[in-house]
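4 protein chains.
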Amino acid sequence: MFILCICVFTPQQIQFGDQKQEFNKHPRTGHPSLSQSFSQSSTDSCSSVCDDSSEVEVSPRDTPQRTSKGLSDFCIRNIKHADYGRREIEMAEQEMPALMVLREKAGREKPLAGAKVVGCTHITAWTAVLIETLSKLGAKCRWTACNMFSTQNNVAAALAEGGIAVFAWRRQSEDEFWWCIDRCVGAETWQPNMILDDGGRLTHWISKKYPSLFENIRGIVEESVTGVHRLYQLSKAGRLYAPAMNVNDSVTKQKFDDLYCSKESIVDGLKRTTDVLFGGKQVVVCGYGEVGKGCCAALKALGAVVYVTEVDPICALQACMDGFRVMTLGEVVRQVDIVITCTGNKNVVRREHLDRLKNGCIVCNMGHSNMEIDLVSLRTAELTWKRVRPQVDHVIWPNGKRLILTCVILMRSSFCSTVPSLVLSITATTQALALIELYNAPEGRYKQDVYLLPKNMDEFVAGLHLLMFDAHLTELTDDQAKYLGISKHGPFKPHYYR
Amino acid sequence: MFILCICVFTPQQIQFGDQKQEFNKHPRTGHPSLSQSFSQSSTDSCSSVCDDSSEVEVSPRDTPQRTSKGLSDFCIRNIKHADYGRREIEMAEQEMPALMVLREKAGREKPLAGAKVVGCTHITAWTAVLIETLSKLGAKCRWTACNMFSTQNNVAAALAEGGIAVFAWRRQSEDEFWWCIDRCVGAETWQPNMILDDGGRLTHWISKKYPSLFENIRGIVEESVTGVHRLYQLSKAGRLYAPAMNVNDSVTKQKFDDLYCSKESIVDGLKRTTDVLFGGKQVVVCGYGEVGKGCCAALKALGAVVYVTEVDPICALQACMDGFRVMTLGEVVRQVDIVITCTGNKNVVRREHLDRLKNGCIVCNMGHSNMEIDLVSLRTAELTWKRVRPQVDHVIWPNGKRLILTCVILMRSSFCSTVPSLVLSITATTQALALIELYNAPEGRYKQDVYLLPKNMDEFVAGLHLLMFDAHLTELTDDQAKYLGISKHGPFKPHYYR
Amino acid sequence: MFILCICVFTPQQIQFGDQKQEFNKHPRTGHPSLSQSFSQSSTDSCSSVCDDSSEVEVSPRDTPQRTSKGLSDFCIRNIKHADYGRREIEMAEQEMPALMVLREKAGREKPLAGAKVVGCTHITAWTAVLIETLSKLGAKCRWTACNMFSTQNNVAAALAEGGIAVFAWRRQSEDEFWWCIDRCVGAETWQPNMILDDGGRLTHWISKKYPSLFENIRGIVEESVTGVHRLYQLSKAGRLYAPAMNVNDSVTKQKFDDLYCSKESIVDGLKRTTDVLFGGKQVVVCGYGEVGKGCCAALKALGAVVYVTEVDPICALQACMDGFRVMTLGEVVRQVDIVITCTGNKNVVRREHLDRLKNGCIVCNMGHSNMEIDLVSLRTAELTWKRVRPQVDHVIWPNGKRLILTCVILMRSSFCSTVPSLVLSITATTQALALIELYNAPEGRYKQDVYLLPKNMDEFVAGLHLLMFDAHLTELTDDQAKYLGISKHGPFKPHYYR
Amino acid sequence: MFILCICVFTPQQIQFGDQKQEFNKHPRTGHPSLSQSFSQSSTDSCSSVCDDSSEVEVSPRDTPQRTSKGLSDFCIRNIKHADYGRREIEMAEQEMPALMVLREKAGREKPLAGAKVVGCTHITAWTAVLIETLSKLGAKCRWTACNMFSTQNNVAAALAEGGIAVFAWRRQSEDEFWWCIDRCVGAETWQPNMILDDGGRLTHWISKKYPSLFENIRGIVEESVTGVHRLYQLSKAGRLYAPAMNVNDSVTKQKFDDLYCSKESIVDGLKRTTDVLFGGKQVVVCGYGEVGKGCCAALKALGAVVYVTEVDPICALQACMDGFRVMTLGEVVRQVDIVITCTGNKNVVRREHLDRLKNGCIVCNMGHSNMEIDLVSLRTAELTWKRVRPQVDHVIWPNGKRLILTCVILMRSSFCSTVPSLVLSITATTQALALIELYNAPEGRYKQDVYLLPKNMDEFVAGLHLLMFDAHLTELTDDQAKYLGISKHGPFKPHYYR
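Just so you know, the sequences run in chain order W, C, R and Z. In terms of UniProt numbering, the first sequence is numbered consecutively and its last residue is 498. In terms of UniProt numbering, the second sequence is numbered consecutively and its last residue is 498. In terms of UniProt numbering, the third sequence is numbered consecutively and its last residue is 498. In terms of UniProt numbering, the fourth sequence is numbered consecutively and its last residue is 498.
All the pointers check out, no bait thrown in.
Since the list can't tell identical chains apart, any single copy or any two copies may satisfy a pair.
With a straight-line cut-off of 20 Å between C-alpha atoms, the simulated EDC-like cross-links for lysine to aspartate or glutamate are:
(1) K358 - D275
(2) K493 - D249
(3) K401 - E88
(4) K255 - E290
No lab work stands behind these hints: they were computed from the structure. This structure is a prediction, so every number in the text was calculated from the model and none was measured.
Work out the full structure, taking the sequences as your base and the hints as a guide.
Structure, rendered in structure tokens:
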């Protein structure tokens, strides 16, 4: 089961991440990828909460195992825990009806028959439902983890027991991490023709070490902001050797990742980490993009007094119309009880602000980047840091003033937050359809470039999820479709709709 | 002063409109333009409410007048009422601080010096503020009305008294309407070099009758959906002879026209026409685009139980997440108290639905099109129509069942609804900036095509309106701007932002 | 049909009212009764809007008329307009299903058989439904108006035509007003045994002029704050000669009059009078009682930034928890766009505040009293008053600053506001049940004192109105009723529940 | 630090509780008191979460300890952990500014000088702030726990180290529980003159074992529903031998306990236990009292579709007006995703409903009673129960259908829920003021009866908490106070205000 784990990065970690992950630098997305940024010290504090069990530190590399059917082409922590993992997958299946319907609808025609998918994602109950859906639709899959710390060992065991060649366990060393990727790709008996990536490392590894594989690759499906950015760079440089689908920016997924997910998460995240009561609290939300809009709506509904800071007049005007006073951080910094950043920018909250905040103020990063708050500036001699919970640091001023720092990393498939399962379901369904589209596309439809999911498939993803809400679509009459100049079955939106 | 006037079109009027205004046929925008659709019978009923005074029906054409300074190049109802009009303009100025700031900021450099603007818009206190702003920025203006019924006579008098050559009065005949346009354009002593149009009729007239004028025209600014559609058609056909700016689709304006304006208007419009109490009422809103979102939010806030119908799964999914049950109209038609349409589609509510609605149900069109409700189907012998108020018809079934039909035409610059002045201010400011941009653009920046307002001017419009809310923007640091890869002063949004 | 008429009292009127209506002085309810406070000048400005038609000013007293059946025991404007009035009553019946169900349920047993009710209320389509319901339940009725200006003449005609002895017309002189009351009461052929009063004038007249009638009076039902206050005074003084039912404070009615009615009315009232857009507006609401809560909720939902002033820490704490900053008026007076008073107190907004308000600020009284804003202080030489609409005054400072004064009198059955029909329905149903209860109560249940409606009848009123919402109550099981220690059919609330 | 622990009672536990705690039977409050109802099995599952540390099970009774100053009149787990406890108390102090202000304001005059308070409450950081406040105001205190499982051992250590005679540790046996109470009361060297009780056990013990102490007892302050009920019974029976203050029903406390606390808690509680996403979920809330209102508001704000069941038409009508469809449980049982009970009634959700709920439905008790859901009916052979988390049970039908049972016990000072600290602060402040009032009341003001806190002290509690919101009260002018007929400094509310 996923539980919330919100981490405060130490400045050292941030710099470490920055140095290592050169290609992560990108406006609005400049966060180091998760596996890099969670260095030992921060994850240690998580481990007691996040971990399934305290495991003996013998590397699975050195302990060959076999499934009950005698298979051994996998490498995980403990195959005996497959039953526990299977129960978790079954529970996740209930929360992903869209994929289950897809299995049913497309299970007979097997649109992925012949596909050999090599995948690199978080390995959790939710991604397991995706992987097994791909299998049910005809694909053969080999899988590895995109993150050294996020694998659910029991789930990996269940996948292996079910016949998937999976190479992943929680708390890998960096060496083990790349070893797994290599084992996953480099099987002599098997050549992938599809790539499903989350973060770009698998794609990177193949281009570096097995470039010849690209001859057979029909398509890459990439999900992370970072990975997508990397693909666009490759494409620009003329070094992208297969069509790629950017599922991160598909409309259905975007709508839910940002607005709805932040609306559901902000209150939950802060309550779990700080037990704060929101009624009457004064809160400043930095940034009124989709994440900011979601945060503000949720906070206002619970009775907080919300201020907004913005650099962009169009967003600022929307904040005004939605009932939020638009102020600069400097103007409200002395009176607020909570500061939330979701700008995509860096150093939005700086030492000059932090010095003036009230005693007891909560400072929370809701953005994708971990640089929104200038934490480095707080690493000075006169300030004391105390880790009061795994997820929360107190910073104490000489006069006793205490700030509460927390950082809700709001990313789908983040390994330590309760991303609502609907978001995970939408992402996974989009990934599955992107694979189907790329694999089945007629020659020439896709070049060696980066594409968005076609609008009608995007709408199909949305449609599958309506089942969860018992929602009933209206069908256009022939007459109406003609009047609107569109097909009865969509796409209903122009290509530029967002 | 603007007051609400909501009209129910009789089927005859609709067909009349359709026949006359061929070019109005357009998905999502298929409404006849206002001046056409308000035929005699419906406007008569409005007149007692909308009109300033009951005037003697002698055409101003036949009654030459002079301003106090002896000018006579205008044609309006009564120059003596200029004082009343001036007071209304002064009040409107208070509600349009953005234009007033623009006057101040740009008044010295006179960016429209040398511009000769011929304009065709509604003539109201609000447009008067725009016209006089153009003058203050250096332009010479001649003006005519885009609608036979919407002119505020006192305001026209004040404009004339102030030296604007204005040709307009309330309740023109069609003949008078075109006569005014012709007088406005066809002055022998004067050749326009800019066009500001609302509905495309002025542009149409010039292309037909004075095509040679286009040699001097530096640009057309068009504001209506209909007019913009026409421009795109001309462009496609290679018959657009000047650069044109589509201000209808500028981002700032769009955000306010649809979402915020409908949110503010739906409750107001229905309360004024039907005095309905919303708490506990069951309402179905057809369409969950921006207008639908605004309606649903306002109704939910007042305690209505809201259902949504949608054809598009992406919008449907948003409705679900926002807390509205998505049903077909057929499923809820027997239980709802109010039906609201805002689909942009036609015949969304049909006789089959109307027959099953409850006694006392209110059926309201909030869409841009007046065809969303199939009113023709209600013109059968067994049904009785009663005009119970200027704005409301009752349709009575043989068994005594009574439906209440009303139609909130939610268009900016509609001549008979209380479009919030903020929306009018945003529109007018956008028009002014579009004129400035086109007039001052270096040779070659704009071809004979249709353009959107550049993003930075769009943001400038938004910024001017922040003044109304005492909102304070945050300025990017150099470092942040560099990190984001944008200029400190915007544009902040990518071109595709909506 | 009721339309909104919001009046600004001139200080003269207020003082006039104060002098005349001595007994109106009462904490939280100190407003002069309606008929007194609307002196000539203010109602003149209303008349063009409120009036059915401009009638010749010949007093109905001098023009005897007969119904189609030859009856002549009534005095109204014009019996020939009965048909119009009947249609309005029929429409009101649709909005008062509770009374219609009561007619059906109790029509056979005629619980008011033998009752002779003399009534003094507003005479509108809604009260007509009440009066005719009393008739259908067996009562004989004579009726007069409680207000000189609020009678709907057509409705009075329909009542007369239907056989009710009604004495009322719009725009009576004070002399005519009391003449009508006298004619209503003083019939030689008829002695009332029940009184239904609204404002206490009828009760007052009877005690002064026909005290002997009280021998037969089984009960008084009084609805207004003022009248109820008067009854308590009489009771205290030992001069109340019949049992009286205070329907003003029955729980069902109170819940709707204050919270829900203000929530529905504030936005409507201000939009109709000032066309203001609420999104982003800064509003201060003085007083966070039920009316204030309703106003704040509605304004917040539309995107206003709301501040609250309070004297009472318990209410202030609720405002905080609901997300409103609690400030003093002095602290926010310079920044707000709208000031709304609903304190029940006097001189809440004083000259010192009014002097500091922004240009264009709207100042609106939503309270029951018209003394919340110190209007007298604005009657100084340097300030100019302009009546810009019937319902709105501008007050202009020497420097051009302009305040917009308006006054939403939020009272049930106020003759010039769109009190939602549900509120009228609840009030009327409560009145009917109070009459039934008093008329049928066994000897000794009620003494010569003031009572509240018994809780089970209060719940019955609520239950009748659930029909309008298609709401389905759950019935307690025997076991549950026993567990809770109450009857299966209520009352469900303790007597002190509010 | 308090963390959430939500427990599903097995039917056995319920019956156990019922048998033991005879006096708990009371309409709307029939839950067994906490210490009784948490029998071994349910608390075991909590222990890993709730417990500070895994302790060796040697009874503190057998291990005498001394504070650093040599004091030994206490009995707790481990005096060495006092430092940890002190830090927790210091953090709690920050969240209880009202008590801190009270210390400051009343610290000099020491209104409790001479008071000897014996207390029996949960022993947590929050109650520690209360206890130490009493000390600072002059009282001598002896304390014991009202619950066998809720004591925070570190806090108890800090209290002891600070000189309070405290007798409490987490996970006492029943024998130890009463031993502590006895040690607390029965000191030979010390006679209490005030009682602060939570649950009535201390009062019970004194009346049974040390009745003579009542000669000196000036007052009892009782906080729990159960304890208050018991006091009323004693009073009725003439066996209450000291004045008692019912702080449970003071207005300030009530407002926050029910409405605001449930609004803040329902979403938090369900997210923590089930990670459910609320957008678009269909939820039925049984009961529309204050707790139901809070739940419905919070759920609606997050985008849930909420239905309400009610037995009481007045509450039902409010639900309608607030925008919730009022249905019977039977009507919606097949379609809802979540069932929440907060009726105060028993067996509201019965086997007949549970059988028809959808697969995956969450059933959650938010009421004070744990009998709202008929759990006994689910203990049949064909159903499988699985404890999937400490706080959550799955019940699985033969066809695989799975219900998720959870039970948010929403009680202030419940030992295992994150009751917002504001609620705890209000309760503690009310308790302190009640003690001060009873201790200082002039002879004769209070008889041997149960009283509510005087309105002005209630308002004082509210006022102290305004500090947390930087809220500024308005002060009445002399003139206004006179007009309203009240004192400038309150009480502002009539005695019957709720």
